[in-house]
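J.: Sequence:
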Amino acid sequence: MVFDWNKNAFNNYKIQLIHFIRIFSYSTKSDRLLLFAATAASICMGVTIPLMNVVFAQMAGVFTEFYMSTSSTKQELGFRTTSVRISSAMRLAYIKALLDQPIALFDSLPPGQTAAIITITANNLQIGISERLSMFIQSITLVVTSLIIAFHYNRDLTLVTSIGLVAIVVFYRLTIPLIAKSMKEIEQADGMSASVAVDSFSSIKMVAACGAEGKMVKRYTAWVETCRQKGLAMSPLAAIQHSPGIFAIHATYALSFWYAIHLYMQLKIPNVTSVVIAISAIMMIVLSLGAISTPISSATRAAEAASLFFAIIDAPVPQMKGAKAPEVSAQDDIVFEKVNFTYPTRPDVQVLNNLTVEFARGKTTAIVGESGSGKSTIVGLIERWYDVGNSPYVTSSGFISVGGRNLNDIDVRWWRSQIGLVQQEPFLFNDTIYKNVEYGLIGTKWENASPQKKKKLVYGACEEAFADEFISQLPEGYDTTVGDAGLKLSGGQRQRLAIARSIVKQPSILILDEATSAIDVRSERIVQDALDKVSRNRTTIVIAHRLSTIKKADKIIVIKKGKLVQQGTHEELLNDKNGPYWGLANAQRLSLDGDFSTQMQNFHRRSRVADLSPAKKLARGPRTVPSGKESISTATETSGSFKIFVWEQRHQWWWYTLMVLGALGAGISFPLHAYLYANAISLFNLWGQYLRDQTNWWCLMLLLLGFGAGGSHFILGWSSNTVLFNFLSDYRQEYFRNILSKPISFYDDESNSVGGLIVRIASDPAQLQQLLGLNMALVLTSIFNVFGSILLSLYFGWKLTLVTVCTSMPVILAAGYLRMRYEVKFEKMNNEVFTESSKFAAESVNAFRTVSSLTLETEICRQYEALLQDHSKKAFRKALLSTWTFAMSDSIALLCMAFVQWYGGRLLASYEYTPFNYLIVNLAIVQGSTSAGHSLSFGPSISQAFAAANRIRSMRPQEDVKSSVTISRFGGSQAGKKRSQGVKIELKGISFKYPTRDVPVLNDLNITIFRGQFAAIVGASGSGKTSIISLIERFYEVQKGRILCNGIDIKDIHLSSYRGSMSLVAQEPLLFDGTIRENILLGVDEAKTSDEVLQRVCRDAGIEEFISSLPDKHDTKIGPRGVALSGGQKQRVAIARALIRKPRLLLLDEATSSLDSETEKSVQAVFERTRQGRTMVVVAHRLATVQNADVIFVIGDGRVAETGTHASLLKKRGIYYQMCQSQALFK
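Taken in order, the sequence shown gives residues 1 to 1227; the numbers are from the numbering used here.
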C-alpha cells in the first residue's frame, strides 16, 4: 500500500478498539506483571465495595477497611507507573518511525505538530490507560459483583429495577461517541491555532518589523473562535451528559422502593436487611454506570491518540538498506543521467529537466545558476532525501549512479556518513559548541574513539574552519551553549561551526551549499583556503553565488531552469563573453585599482594577524531579558489574579447565575435524597393501605427529586460548558496578544523559548478551564452539599452530627490535602520532564535535514530514550509515595463510616435516636464528608489554575507612559518635502551588549546617515553589523548613547508608527505557512493593495516570472516555513514584502545573499532606482552590491574603522581595499 502523504494521514485515521488494545503491546514483561497486579487490585476494589454493603448491613466492617487500603495502593501504583512507561515507549517508537520517514513527510508537517503529538496527544493516551483504566475495571467488577449480590438476595426486584440500568447504558452508548467527535474537532482547531503561534513566535523579529502583530492575532483568533463555536455547540451534549443519569438514579430508587414494598406486602421479602442490601446493590450499579462514562471517554480519546501514533509507526518505510563498502566506494564518479524531478509539494513545477551531469571523483565541481534553477535539488538527490525513479512520494525519472551502481541500491545511512554537508541555512542544536561539532563524528570510524582523540579532532576542525577565533574569546569557550537553532551566534559564526562539523569527519564527499555566504570576506578567504586544502583529492561539490569562491574549481557547471547550459573551468567560461557564466561574473565585478597580486599577497600574509573584529562577542548575542522582569512569573498573590479574571467575566453574569443555581440544585439534592431515603426505609415499620399510600407519596417525592436534580445538572452542564469555552477563548486570545506585544528581548530569554511559550499558551488557559468550567461547578455543588447535609443532620440529630463533624471531617480534609499536595508534585514533574524531552524531539524533527545528513537518527533516539527512562524512574519513586496517600484518602471515608456506625449504634441502643434520625444523619453526613473529600480531589486543578492565572496576568502590559510622537512628527515642519527624501538616522556614542552576557558588541559607535542616502555597513562576521540593524529597528534598547530619527530620539516615537515607516529584509528570509500573496502582503492592508501593485513589486523583486508559471499564481501555498520555495525564491518574496510597504527607511541585512549574481544585480538596480524618497541601510558581504553606496561604514571592534565612498576607501588602501581585493573576479 502506498502511503499518500498528500492526503494528510492525520485526518484520515479511524478510531478502532484494536488501537486501544495494541497500546499495551508496548509494555515490557515487568510492566505486564505490574498491570496484572494492578488489575487484580482493581477487581478486588470492585468486589469489596458491594460486599461492604452486606458487611455493614451486618455491622462488621473491620476487615474491609484494611483490605480496601491495600488494594487501592496496588491498583493506583500499578496503573500510574505502567501508563508512564507505556506512553514513553510509544513516544520513542513514534520518533523512531518518524525519523525513518522520507523528507516529503517533514515538508508537509505543520509547525508544532510533532511537539503537540508527543505532548498533548501522548498525555491523552497516558490518561486513558492510567487511573481511568483502573476506574473502568473497578466499575465493571463492581457492576458484576453487585448484580450477583442483588440476584442472590432478590431476583424479582433486581430484574424490575434493571430497567433503569438498561436506559442508562443505551443513553451513554448514544452520547459518548457524539462527545468524542466534538472533542476531536475542538482539538483539531486547537492544533491549528498552535501552528499559528509557532509561526509567530519563531519569526517574531519579522512579525515586529512588518507590524504584522495584528494580522497574526487575527489568524490566531480565527482558529480560537472556531474552537469557541464548536465548544458552544457542544453545550447541549454537556447538558445531557449527566442529567439523564442523575434522573435515572432517583427514578430507579423510586421504582426499587415501590416494587420492594409491593414484594414485602406479598411476603416475598423476608426482612428489611434483604431489601436494603438488594436496593443498595442495584443503586451501586446505577452509580457505577454513570462513573463508567468518564473512563470510556478517556479510553476513546486514548484510542484516538493511539491512531495518530500508529499512522506514523505503521507507515511504510523507504528502503534504507543496501550495498556498503567494500561492495561500493564513495570515491567513484557520481553521474546524473537524464534526471527529471518534481517536488511533491509542487507537483506542477518541474525542477530538473532531463539533467545529465557528472561529478568526477577527487575533483571539485561547482554548480552555479539562477535562484530556483535546481542547484540545491541536486544536493538533495545526492543526499537521497528524495529518490529518483522508484519513489512513491515524488514524480521523477532518470538514473543517478555511483561508480556505475544505482544510488538507490546503496545503504542510505552508510552513504550519508560518507558525505560532509554544509547547508545554505546551517542548523545547530541547542547544545554546546563542542557537542555540535562532535556530532559530525557520528557514523565515522571515530564515533567510538577516546575522548582525547575526539577532542583533538574537534579542536582541529574548528581551527581549520576559522571558528576557534571567536570560540576562544567566549567566556565558556567550547562549552558555550548556542541556544535554539544556534541563534546565540551570528550567521557567520554558525556557518563556521557547520563547516567544522562537516570537515571533522574527513568525508569522502564534501558538499558545500553556499557554505560561506554569511562569512565576511577576510574570514571567507581563510576558510576557503582551509576548504581548498580539505577538498584536495576529495570529491567536492560546491554551490555558490559568490563566484570568487569557486575560481579554483576543476569544473563549473551552469544550471538554468533545471538544465545544464554551460560547463568548464573559470577561465574557459570567462572567455565566452556571450555565455551565462560571464554575465554572472560581470554582475559581481568590482572596480579596483592597483596591483592585484601584490595586494593579495600582503592581505594573505597579514590575515591571521590583523583582526578586523576579534570576535570577542556574539553578534546576535545571547537572547536575554533586559531587566529580568520579562520572564513569565507566578510570584503574585495566590488568588488575586483569579478574582480579577472572574470580575472581568461579569458580562457573562447570566451564565454564572445559571451555573450557581444549577450547582445549588445539584448540591441540595444530596441531603434531600438522604431525607427521602430515610423515610422510605422507615416505611417497613408500617403495614396495610397506609403503607401503600406512604410508599406512593415518598416514591413520588423521589421521582420529583429526580426531575429536579436532573434539571439542575442540565442547567449546570450547559452553563458551565458555555462559561468554560467563552473564558478559554477570551484569555487564549489575550494571552497570545500580550505575548506577541512583548519586546524581542523577552523571546531571547531561554525560559521563554518558542517551545516553552507554545506549551504555556496551550496549557495555562486550559488550567483555568479546569477550574472555571465543570470542575468549578462540581466544587460549588460539593459546598452546597456539605452545608445542606450538615444543617439537615443538625436538625434531626445534633449530637451524632457534631461528633462526626468534629472527628471524621478533619480526617477526610487532611487526607484530601495530602492527596492534593503529592498530586501537584507528581503532575509538575510529569509536565516538566515530558516538556523537556518533547522540546528535544521537536528540535530534532525540525532539523531533519541536518539530522539525516549527519546520520544522527540513532543518536537522537538514544538521547530521547534516556530522557524518557529517567522520567519513568522519577515517576515510579513519586508514585510509590503518592499512591499510598491516595489509598488512604480513598479509604478514609470507610473508617469514618465505621466510626459513625459504632457511635450511632450506641445512640440507638440507648434509645436516644430512632432509626429514622440515625439514618438521616448517617446518610447525610457521610455523603457530605465524601463530597468534601471529592471536592478536594480537584485541589491540584485549583492550585494549577491559580498559578496559570498569575502567569496570564503577568503577561499584561504594565501601566507606563507611552511614546506619543508619531511618524508625522519626525517629518519636520516641511514634512511633505522631507518625507520624499527619506529619514535621517544618527547613532551617537552607542555602546551595547546583550544583557545576559557581559561582552560588549558595540563600543562608542557613531554613525550618521542623511536623508535619502544609500549607506552600507561592512565588516567581519560578528563585528556587530546585524546588531546595528536590530537597534535601528528598536528590537533592543542601548545601554549608552542615543539613536535619533530626524533629530528625535527613537525611544520617544510611537513604536508602531516608527516601524511603519521602515522595512526589513533579514539575512535569513522568514516566511509563514500560507500563500505567496499572504506573505508578501504581511505588512500592509490587503484590502487597499491592488493586484497591479502586487505584481509590480514581484517584478521588481525578480520573482513575478516564477509566480506566473505556477498554476495558482500568487495564491500558491508555500508550506510551513516556505518549504516549497528555494532559498533564493524565499529571499525574493521577502524583498517583495519589504518593497510593497513603500518604506522611508529600508534595512537590508544580507538581503541578496541567497540570490544568483544576475538576479542580485537586477534587484539591486531596483533598490537604487526606487531609492528616491527613501534612506537605505545595507549590510553586505558581497561588496559588489554596495560599491554605488553614498557612504560605506567599515565596522571593526564595535566601532567605525573606516568611512567613505567606494572610491575614496579604495584610495586609502586600508581594510576595505583588502576586502575588495579578496572578491575580485577579473584581474
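Incorrect hints may appear among the rest.
Unchecked claim - The calculated BS3-like cross-link candidates involving lysine-lysine, where the alpha carbons are at most 30 Å apart (straight line), are: (1) 230 x 181; (2) 1142 x 988; (3) 1142 x 742; (4) 184 x 205; (5) 181 x 338; (6) 453 x 742; (7) 205 x 561; (8) 551 x 533; (9) 230 x 363; (10) 96 x 873; (11) 1113 x 205; (12) 324 x 181; (13) 218 x 1113; (14) 338 x 363; (15) 338 x 551; (16) 338 x 561; (17) 1142 x 205; (18) 435 x 321; (19) 218 x 873; (20) 1211 x 215; (21) 338 x 435; (22) 205 x 1088; (23) 1161 x 984.
The set of hints was computed from the structure by calculation and includes no laboratory data.
Since the model is a prediction, treat every value here as computed from it, not as a measurement.
J.: Work down the list of hints and note, for each, if the structure agrees.
T.: Evaluated hints:
The suggested pairing of residue 230 with residue 181 holds, with an alpha-carbon distance near 11 Å, which does not exceed 30 Å. Annotation: proposed proximity of residue 1142 to residue 988 holds, straight-line Cα distance about 27 Å (limit 30 Å). About 26 Å separates the Cα atoms of residue 1142 and residue 742, which keeps this hinted pair within 30 Å; it holds. Note on residue 184 and residue 205: the hinted pairing is violated, with a Cα-Cα distance of about 34 Å set against a maximum of 30 Å.
Of the pairs offered as hints, the one joining residue 181 and residue 338 is violated, with about 50 Å between alpha carbons and a cut-off of 30 Å exceeded. For the proposed pair residue 453 and residue 742, the alpha carbon gap of about 46 Å is over 30 Å, so the pair is violated. Using a Cα cut-off of 30 Å, the hinted pair residue 205 and residue 561 is violated, with the two alpha carbons roughly 33 Å apart. With a C-alpha separation of about 15 Å, the suggested pair residue 551 and residue 533 falls inside the 30 Å cut-off, and the hint holds.
For the given pair, residue 230 sits about 62 Å from residue 363 by alpha-carbon distance, which is inconsistent with the 30 Å threshold. Of the supplied pair hints, the one linking residue 96 and residue 873 holds, its CA atoms being roughly 21 Å apart against a limit of 30 Å. With a CA separation close to 28 Å, the supplied pair residue 1113 and residue 205 stays within the 30 Å bound. At roughly 50 Å between alpha-carbon atoms, residue 324 and residue 181 are farther apart than 30 Å, so this suggested pair is violated.
Distance hint between residue 218 and residue 1113 is fulfilled; the C-alpha atoms sit about 24 Å from each other, no more than 30 Å. The straight-line distance between the Cα atoms of residue 338 and residue 363 is roughly 22 Å, inside the 30 Å bound, and the hint therefore holds. Taken as a hint, the residue 338 and residue 551 pair is honoured in the structure, with Cα atoms around 27 Å apart against an allowance of 30 Å. A threshold of 30 Å between alpha carbons decides the hint, and for residue 338 with residue 561 the separation of about 14 Å falls inside it, so the pair holds.
Of the supplied pair hints, the one linking residue 1142 and residue 205 holds, its CA atoms being roughly 19 Å apart against a limit of 30 Å. Of the pairs offered as hints, the one joining residue 435 and residue 321 holds, with about 28 Å between alpha carbons and a cut-off of 30 Å not exceeded. Note on residue 218 and residue 873: the hinted pairing is violated, with a Cα-Cα distance of about 44 Å set against a maximum of 30 Å. Note on residue 1211 and residue 215: the hinted pairing is violated, with a Cα-Cα distance of about 49 Å set against a maximum of 30 Å.
Distance hint between residue 338 and residue 435 is unfulfilled; the C-alpha atoms sit about 41 Å from each other, more than 30 Å. The suggested pairing of residue 205 with residue 1088 holds, with an alpha-carbon distance near 24 Å, which does not exceed 30 Å. A threshold of 30 Å between alpha carbons decides the hint, and for residue 1161 with residue 984 the separation of about 26 Å falls inside it, so the pair holds.
Violated hints for the displayed structure, listed by number in ascending order: 4, 5, 6, 7, 9, 12, 19, 20, 21.
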